Amino acid sequence: MSSVSTGSDAPIFHPEGPADQAPPDVLIVEDEPAILSSLEFILNHAGWRTRSVQDGEAALSAVNRWHPRMLVLDLMLPKRNGFDVLASLRARSDTRELPILILTAKGQQQDRRTAMELGASAFVTKPYANGDVLEAVASLLGSPVR
Amino acid sequence: MISGPLVIGTAIAYVVLLFVLAYISDVRARSGRGALLRSPLVFTLALSVYCTSWTFYGAVGSAARNGLEFFAIYLGPTLVFVGWWFGLRKLVRIGHRQRTTSIADFVSSRFGKSAGLAVLITLMAVAGITPYIALQLKAITTSLGVILSPEPAGVLARSGDDVGLAFAIAAAMALFSIFFGTRNINANEQHHGVVAAIAFEAVVKFVALIAVGLFVVFGIGGGVAATYARAAEAGVNLDPAANFGPRWITITILSAAAIICLPRQFQITVVENADENHLKTASWAFPLYLLGMSIFTMPIAIIGLSLLPSGADPDMFVLTLPLTHDSQALALFAFIGGFSSATSMIIVASIALSIMISNHVVVPIALRMPALFGLRQGEGMTRLLLTSRRLSIGFVLFLGFVYFWQTSGSGALAPIGLISFAGVAQFLPAILAALYWRDATRQGALAGLLSGFVIWAYTSFLPSLGASSPQIADLLANGPWHLGLLRPQALLGLSGLDPLVHSVFWSLLGNTLALVFVSIATQNSAMGRMQANQFVDVFRRSDDEQKGFTRSQAPMNDLFVMARRVLGTAAAERLFEKFAPTGRDALQVDATPRFISRLEKELAGSIGAASAHVLLGQVVSGESVTMEDVMQMADEAHQIMEYSQRLEQTTAELQSTTSQLQNANTRLRQLDSQKDEFLSQVSHEVRTPMTAIRSFAEILLTHTSLSESERRNFVSTIHAESVRLTGLLDEILDLNALERGEELWSNEAVDPGQALDRAVEVCAPITSQHNVQVTIGNRPRGLRVHANFNRVCQVFINLISNAAKYNDSANPQLNIDCRLENTTFVVDFTDNGPGISPSDHGTIFDKFWRGKRNPDTAQSGSGLGLAISREIMAKMNGSLTLVHGEGRGACFRVELPILEEAETAAAASPNEKVTAGAGLPRDE
Numbered sequence: 000m001s002s003v004s005t006g007s008d009a010p011i012f013h014p015e016g017p018a019d020q021a022p023p024d025v026l027i028v029e030d031e032p033a034i035l036s037s038l039e040f041i042l043n044h045a046g047w048r049t050r051s052v053q054d055g056e057a058a059l060s061a062v063n064r065w066h067p068r069m070l071v072l073d074l075m076l077p078k079r080n081g082f083d084v085l086a087s088l089r090a091r092s093d094t095r096e097l098p099i100l101i102l103t104a105k106g107q108q109q110d111r112r113t114a115m116e117l118g119a120s121a122f123v124t125k126p127y128a129n130g131d132v133l134e135a136v137a138s139l140l141g142s143p144v145r
Numbered sequence: 000m001i002s003g004p005l006v007i008g009t010a011i012a013y014v015v016l017l018f019v020l021a022y023i024s025d026v027r028a029r030s031g032r033g034a035l036l037r038s039p040l041v042f043t044l045a046l047s048v049y050c051t052s053w054t055f056y057g058a059v060g061s062a063a064r065n066g067l068e069f070f071a072i073y074l075g076p077t078l079v080f081v082g083w084w085f086g087l088r089k090l091v092r093i094g095h096r097q098r099t100t101s102i103a104d105f106v107s108s109r110f111g112k113s114a115g116l117a118v119l120i121t122l123m124a125v126a127g128i129t130p131y132i133a134l135q136l137k138a139i140t141t142s143l144g145v146i147l148s149p150e151p152a153g154v155l156a157r158s159g160d161d162v163g164l165a166f167a168i169a170a171a172m173a174l175f176s177i178f179f180g181t182r183n184i185n186a187n188e189q190h191h192g193v194v195a196a197i198a199f200e201a202v203v204k205f206v207a208l209i210a211v212g213l214f215v216v217f218g219i220g221g222g223v224a225a226t227y228a229r230a231a232e233a234g235v236n237l238d239p240a241a242n243f244g245p246r247w248i249t250i251t252i253l254s255a256a257a258i259i260c261l262p263r264q265f266q267i268t269v270v271e272n273a274d275e276n277h278l279k280t281a282s283w284a285f286p287l288y289l290l291g292m293s294i295f296t297m298p299i300a301i302i303g304l305s306l307l308p309s310g311a312d313p314d315m316f317v318l319t320l321p322l323t324h325d326s327q328a329l330a331l332f333a334f335i336g337g338f339s340s341a342t343s344m345i346i347v348a349s350i351a352l353s354i355m356i357s358n359h360v361v362v363p364i365a366l367r368m369p370a371l372f373g374l375r376q377g378e379g380m381t382r383l384l385l386t387s388r389r390l391s392i393g394f395v396l397f398l399g400f401v402y403f404w405q406t407s408g409s410g411a412l413a414p415i416g417l418i419s420f421a422g423v424a425q426f427l428p429a430i431l432a433a434l435y436w437r438d439a440t441r442q443g444a445l446a447g448l449l450s451g452f453v454i455w456a457y458t459s460f461l462p463s464l465g466a467s468s469p470q471i472a473d474l475l476a477n478g479p480w481h482l483g484l485l486r487p488q489a490l491l492g493l494s495g496l497d498p499l500v501h502s503v504f505w506s507l508l509g510n511t512l513a514l515v516f517v518s519i520a521t522q523n524s525a526m527g528r529m530q531a532n533q534f535v536d537v538f539r540r541s542d543d544e545q546k547g548f549t550r551s552q553a554p555m556n557d558l559f560v561m562a563r564r565v566l567g568t569a570a571a572e573r574l575f576e577k578f579a580p581t582g583r584d585a586l587q588v589d590a591t592p593r594f595i596s597r598l599e600k601e602l603a604g605s606i607g608a609a610s611a612h613v614l615l616g617q618v619v620s621g622e623s624v625t626m627e628d629v630m631q632m633a634d635e636a637h638q639i640m641e642y643s644q645r646l647e648q649t650t651a652e653l654q655s656t657t658s659q660l661q662n663a664n665t666r667l668r669q670l671d672s673q674k675d676e677f678l679s680q681v682s683h684e685v686r687t688p689m690t691a692i693r694s695f696a697e698i699l700l701t702h703t704s705l706s707e708s709e710r711r712n713f714v715s716t717i718h719a720e721s722v723r724l725t726g727l728l729d730e731i732l733d734l735n736a737l738e739r740g741e742e743l744w745s746n747e748a749v750d751p752g753q754a755l756d757r758a759v760e761v762c763a764p765i766t767s768q769h770n771v772q773v774t775i776g777n778r779p780r781g782l783r784v785h786a787n788f789n790r791v792c793q794v795f796i797n798l799i800s801n802a803a804k805y806n807d808s809a810n811p812q813l814n815i816d817c818r819l820e821n822t823t824f825v826v827d828f829t830d831n832g833p834g835i836s837p838s839d840h841g842t843i844f845d846k847f848w849r850g851k852r853n854p855d856t857a858q859s860g861s862g863l864g865l866a867i868s869r870e871i872m873a874k875m876n877g878s879l880t881l882v883h884g885e886g887r888g889a890c891f892r893v894e895l896p897i898l899e900e901a902e903t904a905a906a907a908s909p910n911e912k913v914t915a916g917a918g919l920p921r922d923e
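Chains A and B are the protein sequences, given in the same order. Numbering of the first sequence is given in numbering that gives the first Met the number 0, commencing with residue 0 and proceeding in unit increments. Numbering of the second sequence is given in numbering that gives the first Met the number 0, commencing with residue 0 and proceeding in unit increments.
It is worth saying that the hints were derived from the structure and are not from the lab. These numbers were taken from a predicted model, which means no experiment stands behind them. Where is the CB? At the ideal position from N, CA and C, for every residue including glycine. Hints are not guaranteed to be accurate.
[To be verified] List of simulated lysine to aspartate or glutamate pairs, EDC-like, C-alpha gap at most 20 Å:
| # | chain 1 | residue 1 | chain 2 | residue 2 |
| --- | --- | --- | --- | --- |
| 1 | A | Lys78 | B | Asp807 |
| 2 | B | Lys674 | A | Asp110 |
| 3 | B | Lys874 | B | Glu730 |
[What the hints assert, rightly or not] A short, non-exhaustive set of chain B residues, derived as facing chain A with CB atoms under 10 Å:
| # | residue |
| --- | --- |
| 4 | Arg686 |
| 5 | Ala691 |
| 6 | Thr701 |
| 7 | Thr716 |
Generate the whole structure from the sequences, applying the supplied hints.
Here's what the structure looks like:
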């Protein structure tokens with residue numbers, strides 16, 4: 000079985016609507032359950048369809064299966080870290096332009112620079128203001144389609 | 000015939016006269032009235048010690064046998080003295096500079112003051128001179144025999160009676176030399192009395208020979224022309240071309256070498272010389288003297304050969320001609336002349352040799368083995384020197400006597416003299432190298448001298464003994480082991496040469512080649528280089544201080560230049576001006592003793608006393624550096640070296656301190672970067688709960704229409720994350736305190752089993768939440784460990800909750816097994832979870848390491864638990880280790896040393912422990 004956790008595995012809020020048919024707007028890659036649930040809540044409330052996984056390997060296979068419009072990617076992840084995931088996706092032609100928002104507690108300048116060099120689309124530091132995350136997602140995807 | 004008592008009496012009276020003369024001269028020289036003694040005339044006359052009885056009697060014999068060959072004996076010295084500017088002047092200058100006491104001293108001094116070289120030259124000189132002394136003994140005994148014989152013209156050398164006579168003469172000469180030569184020890188080995196006596200003897204033998212010559216030519220021969228007219232009749236070949244050949248050249252070279260290398264000549268020319276300008280006078284006067292000594296040689300030979308019976312000994316013509324012509328008085332005078340020649344040679348030669356023997360052989364041994372010579376520290380050296388010289392004189396004369404004894408009746412005077420000449424000529428290459436060749440080395444000199452000496456001994460000295468031993472005669476004829484190539488007088492098949500030419504050719508060739516090649520192959524020592532420069536550059540060093548023997552002649556320019564170099568221009572000018580007479584410039588200072596001593600003090604302030612003294616001494620007196628000065632300089636240099644060694648040591652210490660500091664710095668930087676890393680990790684760990692708290696707080700603030708259950712949910716998440724944050728901060732502070740070694744608790748006697756029970760109890764909610772089945776086996780009861788109950792519980796709780804939280808098994812289990820191993824309480828916590836992958840074995844106890852969490856749980860550790868647990872166990876002298884992480888499950892092991900009964904009691908009541916455990920003596 001895949002280690003990808005589907006929307007139904009999410010412990011708290013699960014968005015209604017087509018689960019396996021429509022590709023999600025945002026794939027959230029985050030191993031901290033509390034943070035994951037808060038992200039899902041605010042993005043869903045803003046109108047984005049989300050799905051989530053909790054480690055780097057799952058993130059890569061989820062991209063292949065669900066074709067999300069963008070990624071919200073943590074850096075400190077089990078199995079494969081965020082930099083690794085970012086570099087793999089940027090090495091592939093089909094995901095080279097995929098918008099990726101880096102969301103991390105590693106707030107140092109060096110990490111931000113490394114992420115941008117690897118091709119991150121945007122970078123938000125934890126703890127974040129919810130508005131910053133929504134703004135960044137909106138600027139990468141445009142207006143949410145209801 | 001002259002009566003024996005008259006002859007003996009005259010000889011004794013003559014000796015007494017010499018003694019008185021020498022004594023008076025010594026006294027006068029000592030009281031500073033020896034102006035005449037220090038004159039060039041006396042010096043030149045003393046040089047005539049070259050003309051021994053060999054010259055006095057033997058030259059006539061040589062002329063009778065070999066025609067003009069005898070003249071070559073005078074030609075060599077004449078050339079050397081006429082060319083004094085080129086060689087002798089340098090020799091004498093260096094001799095003065097180095098305070099040379101003998102030829103051995105001279106050569107060894109040049110080659111790094113080599114003791115071995117000095118000994119070798121001494122031995123060579125003794126060996127070389129022994130035949131020469133024997134020659135004098137032979138001359139005296141033969142002449143005595145002739146003058147006492149009723150049939151003088153028929154006397155030939157008789158061996159039998161002569162041995163006793165020769166011994167008596169040798170003994171008498173020994174006494175005589177001891178009286179003259181060793182009355183005191185003079186620092187520079189000058190013997191004014193001896194020189195005066197030798198000069199007097201020079202006059203006596205000169206006048207005697209001239210008198211005989213005049214008598215023979217004009218009294219018997221009827222004038223010069225008439226005398227030479229008898230040459231053909233006498234069978235003497237006067238054609239110079241007939242004599243000119245290898246032998247003639249060889250003898251010229253040998254005699255030129257001899258006038259420098261003969262120890263007695265060196266003694267007079269260099270050691271006894273008072274002023275090198277005397278050479279200028281001697282350069283013409285000495286050849287003139289030699290001419291006088293040789294002018295009647297040929298006429299006497301011609302007359303003797305033509306008038307005396309054919310069996311007459313030509314060596315004795317000087318005596319036999321007056322005797323046979325009834326001039327007894329003249330004969331007696333001639334005898335005294337010959338006696339003078341012999342005694343002067345014996346005296347000077349034995350003194351020169353005794354100086355060498357005692358200075359280079361006896362004294363070095365005595366200094367090394369003081370007990371053997373009855374020497375005590377700093378005492379009796381003068382006495383030892385005198386004694387050793389006296390014995391040496393006796394020894395040298397005894398050797399001469401033995402040689403005479405062994406060779407008596409073996410022929411004419413001249414060949415014996417030439418053997419000696421060839422022996423001492425071996426010094427020539429070394430002396431020339433000393434004077435002119437800077438790169439000549441000690442080893443080269445040794446090799447040259449040794450080769451020359453060995454070849455000389457084999458080709459000249461040994462054959463001269465041929466008559467006394469059949470074995471030697473056989474060796475001469477057939478070579479050793481019948482090897483024809485090694486025949487002493489035809490080495491390497493070089494036969495057909497005159498034995499003398501043969502010997503000189505091979506010995507000087509071997510000598511020179513060895514000197515040159517070994518010198519090229521070896522290096523001079525530091526001392527050798529210094530001395531080489533002192534010798535070779537003796538003129539360059541001091542052209543303008545040639546006569547600067549007195550203080551008043553100190554060249555002020557030099558003093559000023561030196562002072563300026565040492566003290567600096569301003570200070571030097573101040574000093575000189577202070578002492579200058581008013582109104583005159585600084586360089587017109589009078590070199591008063593006060594000024595000189597003041598200058599020396601000033602210099603000493605800058606460069607040390609010894610160096611100042613040496614510097615000043617060189618400029619003021621033109622004298623060379625004495626050994627004592629050198630030792631003092633060396634002392635100062637040693638002090639400077641010690642100082643510099645201390646500096647080096649300090650430098651080394653500084654370097655080591657620097658490297659220690661660098662290491663400490665590196666360590667600090669590592670710690671600093673570890674701290675940065677830690678801070679970065681802490682920041683990350685703190686940010687994570689903060690993110691959830693902030694995000695949910697914002698949701699609660701902005702989304703007012705949330706359901707009650709949603710609101711509750713969010714608030715409880717915020718609460719949980721806050722608790723987690725607090726726990727994290729507590730753990731960070733706790734670990735920090737543990738790592739800093741702070742005393743956070745006190746250890747006491749604790750039952751580890753109880754602590755385990757408590758931990759399992761506390762963890763029951765977590766284990767049941769994760770459905771973990773905990774098994775605890777039998778365990779020892781009533782044990783005591785030295786620990787803190789709560790902290791032991793903390794470690795156990797951490798291990799149990801880790802086993803629960805990270806166990807992903809469908810049927811999670813935790814097996815707790817405790818036992819007593821020897822004196823150690825051991826607990827194993829074994830789970831069936833994912834285990835620790837081998838790559839993580841080294842890092843699981845690091846800060847912020849986390850296992851793979853069960854994704855279903857919201858609980859997350861700080862990553863500090865294992866690090867803290869391990870620190871706690873260390874503080875209790877226990878340990879926490881990962882035992883086996885291979886395959887399924889992990890096993891953590893806790894070990895704690897148990898307390899013995901007594902320790903248990905002590906640990907239970909810490910206050911008593913202080914007194915009981917102090918280990919004080921019981922009977923205190």
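Hint-by-hint comparison with the structure:
1. Under the criterion of a C-alpha separation no larger than 20 Å, the hint pairing A:Lys78 with B:Asp807 is consistent with the structure, at around 16 Å.
2. At most 20 Å may separate the alpha-carbon atoms for a hinted pair to count; B:Lys674 and A:Asp110 meet this at roughly 18 Å.
3. Taking the CA atoms of B:Lys874 and B:Glu730, the gap is near 17 Å; set against the 20 Å cutoff, the hint holds.
4. Because the beta carbon of B:Arg686 sits about 4 Å from the nearest beta carbon in chain A, less than 10 Å, this interface hint is met.
5. A cut of 10 Å between beta carbons decides the hint on B:Ala691: the least distance to chain A is about 4 Å, and the hint holds.
6. Look at B:Thr701: its Cβ gets to within about 7 Å of chain A, closer than 10 Å, so that hint holds up.
7. Among the interface hints, the one on B:Thr716 holds; its C-beta lies about 5 Å from the nearest C-beta in chain A, closer than the 10 Å criterion.
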